[in-house]
Amino acid sequence: MSDAVSLPRSAAALPETDAPLLPLRVRGLTLGFGDETVIDGLDLDLGPSGCTMVMGPNGSGKSLLLKLLHGLIRPSGGHIDWGGQAGDVTRRQALVFQAPVLLRRSVAANLDFVLRARGKDRRRRVDLLEHVGLSHKAAQPARLLSGGEAQRLALARALATDPEVLFLDEPTASLDPASVLAIEHIVSEARARGVRIVFVTHDVGQARRMADDVVFLHRGRVAEHAPAGDFFPVPQCQAARDYLDGRIVV
Amino acid sequence: MFKHFIGASVAALFLAGGAQAQDQSIIVQSTTSTANSGLYDHLLPVFQDKTGIQVNVVAVGTGQAIKNAQNCDGDVLLVHAKPAEEKFVASGYGTERTDLMYNDFVIVGPAGDPAGVGGMKDVQEALSKIAGEKALFASRGDDSGTHKKERALWADTGVDPTGGSGEWYRETGSGMGATLNAGIGMGAYVMTDRATWISFGNKQDYEILVEGDEDLFNQYGVIPVNPEKCPSVNIEAAQTFSDWLLSEEGQQTIGAYKVDGQQLFFPNAPQD
Amino acid sequence: MQDLASATSLALQLVLSGDADLVEIVGLSLRVSLSATALACAIGLPLGALVAISRFPGRGAVLIVMNALMGLPPVVVGLLVYLHLSRSGPLGFLGLLYTPTAMIIAQTILITPIVAALSRQVLEDLHAEYAEQFRSLCLSRWQSVQALLWDARYSLLTVGLAGFGRAVAEVGAVIIVGGNIDHLTRVMTTAIALETSKGDLALALALGIVLLVIALGVNALVQGLRMTAARQAYV
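Protein chains in written order, with our numbering: chain W, 1 to 250; chain X, 1001 to 1272; chain E, 2001 to 2235.
What the hints contain is simulated information worked out from the structure, not anything from laboratory work.
It cannot be assumed that every hint is accurate.
[Unchecked claim] Computed Cβ-Cβ distance ranges for the label pairs, DEER-style:
hint : chain 1 : residue 1 : chain 2 : residue 2 : range
1    : W       : Asp203    : E       : Asp2125   : 27 to 35 Å
2    : X       : Gly1052   : E       : Leu2094   : 20 to 28 Å
3    : E       : Val2065   : X       : Glu1236   : 43 to 51 Å
4    : W       : Gly47     : E       : Asp2125   : 39 to 47 Å
5    : W       : Gly59     : E       : Met2227   : 18 to 26 Å
[As the list claims (entries may be wrong)] Listing some non-contacts, in silico: residues in chain E with all C-beta distances to chain W over 12 Å:
hint : residue
6    : Leu2004
7    : Tyr2130
8    : Val2235
[What the hints assert, rightly or not] Some chain W residues near chain E, calculated using beta-carbon distances under 7 Å:
hint : residue
9    : Ser76
10   : Val101
11   : Arg104
12   : Leu115
13   : Pro141
14   : Arg143
15   : Leu144
16   : Gly147
Please read these numbers as outputs of a predicted model, since none were measured by experiment.
Positions of the beta carbon are idealized from the N, C-alpha and C atoms, including for glycine.
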């Protein structure tokens, strides 16, 4: 994986003339399905740069939070304020799902599709593929890629849209160590270019490796939000302590 | 890719459209009995060689043929139901009706002849007998020339066969050949024109049981469609075709058509 | 049964001798039905895709109508097209009645609902898989439609095949608007109807066998394509 020349530039260098999306300010965010409340009056502030790792037990609302922030689902209540932007914020962000949804075409065609759909320079495909180490697979059917390769292609696709914010929803769950490393490397490079990373993970080791700050979710709320250096040595909330110690958190 | 696709589709449409009739062509609305007998395959090449006019034959029941011609969807009408044809001309749809040729109707039935009508010379009597025995009878039931003729014969007998409709009287609602297939399939008597019968390929054990009655005479007429009612008509070519059919040459060609050595149509155009 | 044996040998004979009339009839059948299928796909696929990805009031009713139209009787379609294309009808001035074009129009009307309804089902299933990803990528409706149509291409091939099968096998519509005119609008099915009405069952059956073989060939081709596609996980 080499450093690419024409890859996601810093947010300031992006062609969009809109004001920056960050900081993010979330207040009283609520999401319910019928009687069940899954996000329950959540408050969150995210600073302008870095990598935020989102952790929490299953069912704490991590994935739903990402989708709410990305604008894929509508909240039942509360406010999400991306730097005061009223318009379409989804277009300025990208989300990599846990199970990548790849089109039924070649690896190259998957990227071509997004580049064309989003009005980007299609010649960038070569650099993107090289960046995620898939140049040699360009002509292969995307859906025959291994799990790690598929996720790298999904990452390349996300980066092709020049996102200012990149959401990742457990992208390395059930991948082999080499693939995990490759993906963390690509994400770190994006972060270094100024892309704001919001990364959901179950893997405490991964959180330690990647985090600038940690958001710990519990029962649909932010139980703790602290810089990595503060969080990992001494979590403030009981649920986070139990979670890091490997105890079941209900 | 979709633009290409639509483009190709439209091209295909016009490609196919390009194959439509050339300028000098006419449509003849005619009956299944004449077409199925193969008469047109015998007549039309001779006519086309002579005049260069291509004749396209639409073969339907007489009722539908007249209806189509009234909708201006033909240049010449060639059918066999004199009263309906005269009405067609009287209403202004045709220029003139002329007797063209005749053949005759026959009643065919299974060799077993359940109603015992074999060899009868009086068709009304034979029909009465079939009705009396409630022997199966397959009718066209499609308002065709043959059907009109059959109904007229029943009217002569005073029997209303539709009282037995669905029982012994079976109205197929289809063409002559289909009715023969159906009738033979169920062992029913069928009234058919002789030409269709001679050239019919699925006779099985059926044979002609009633023939020779004057009332079974089957007259065909030819009528060019009136351009005053239907401006789209190619009246010149239509008239050329009609005139040729009625000419000595046309009449001889009709008379010369034989299947299995039997003459199918007898030309009887008025000669001056 | 004797008919069946003589029909089979007659069919072989016709095909092997390259009988000129047979070639003409088969050629016209294919041209008419393939054109109709292409047109029906050009109309029906985008329509099916739009309905598949859209949610609007009355959508349920639209689905019922689409599905019901799949059962349009060919004769009714033929009659409707006849009434429009007849010289005395609103489109009579085009002079299309009793031409292959009229037959293409009738078959297109007959099978467009089939293509639209079946593709709607195929694309809705695929869209269930893609919808969230598409929203994340901010695709427009038209971009989504294009992507779905292309990604479902091998399933849609089967949909097209269903339409083609219906078109090439129907007789009711083409016999009314085409008139079964020899060397002009005679196709396989109308020729079969004609030979049947002449009582020439062997020839009719022979033509039927040829039609069946063509249908088998087209289906085998599509099946082969699908299997190749399946090996690449493109289905």
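Notebook entry, point to check: Is the hinted range of 39 to 47 Å satisfied by the C-beta distance from W/Gly47 to E/Asp2125?
Noted result: For E/Asp2125 against W/Gly47, whose Cβ atoms are near 42 Å apart, the range 39 to 47 Å holds.
Item checked: Closest C-beta approach of W/Pro141 to chain E relative to 7 Å, hint status -> holds (4 Å)
Notebook entry, point to check: Can the hint on W/Gly147 be confirmed by a CB-to-CB distance to chain E that is less than 7 Å?
Noted result: It is violated, given that the least Cβ distance between W/Gly147 and chain E is near 14 Å, above 7 Å.
Checklist line | Distance restraint evaluation - W/Gly59, E/Met2227, Cβ atoms, bounds 18 to 26 Å | finding: violated (42 Å)
Note to self: Just to be careful: measuring from the Cβ of W/Leu144 to every Cβ in chain E, is the smallest value less than 7 Å?
What the structure shows: Since chain E brings a Cβ to about 5 Å from W/Leu144, closer than 7 Å, the hint holds.
Margin query: The output says E/Tyr2130 does not contact chain W. Does that hold with a beta carbon cutoff of 12 Å?
Written below: The claim is violated: E/Tyr2130 sits with its nearest Cβ about 6 Å from chain W, within 12 Å.
Margin query: Does W/Leu115 hold up as a contact with chain E if the rule is Cβ-Cβ below 7 Å?
Written below: violated (11 Å)
Notebook entry, point to check: Should the interface hint for W/Arg143 be scored as holding, given a Cβ-Cβ cut-off of 7 Å against chain E?
Noted result: Nearest chain E Cβ about 4 Å off; hint holds.
Note to self: I want to verify a distance hint. Is the separation of the beta carbons of X/Gly1052 and E/Leu2094 within 20 to 28 Å?
What the structure shows: Cβ of X/Gly1052 to Cβ of E/Leu2094: about 25 Å, so the range 20 to 28 Å holds.
Check: Does 27 to 35 Å hold as the CB distance between W/Asp203 and E/Asp2125, or does it fail?
Finding: Between W/Asp203 and E/Asp2125, where Cβ atoms are some 33 Å apart, the hint holds.
Next item on the list: Using 7 Å as the Cβ threshold, decide whether W/Arg104 counts as touching chain E.
Entry: holds (4 Å)
Next item on the list: Note whether the CB distance of E/Val2065 and X/Glu1236 lies within 43 to 51 Å or breaks it.
Entry: holds (48 Å)
Against the hints set out earlier in the document, violations occur for numbers 5, 7, 8, 9, 12 and 16.
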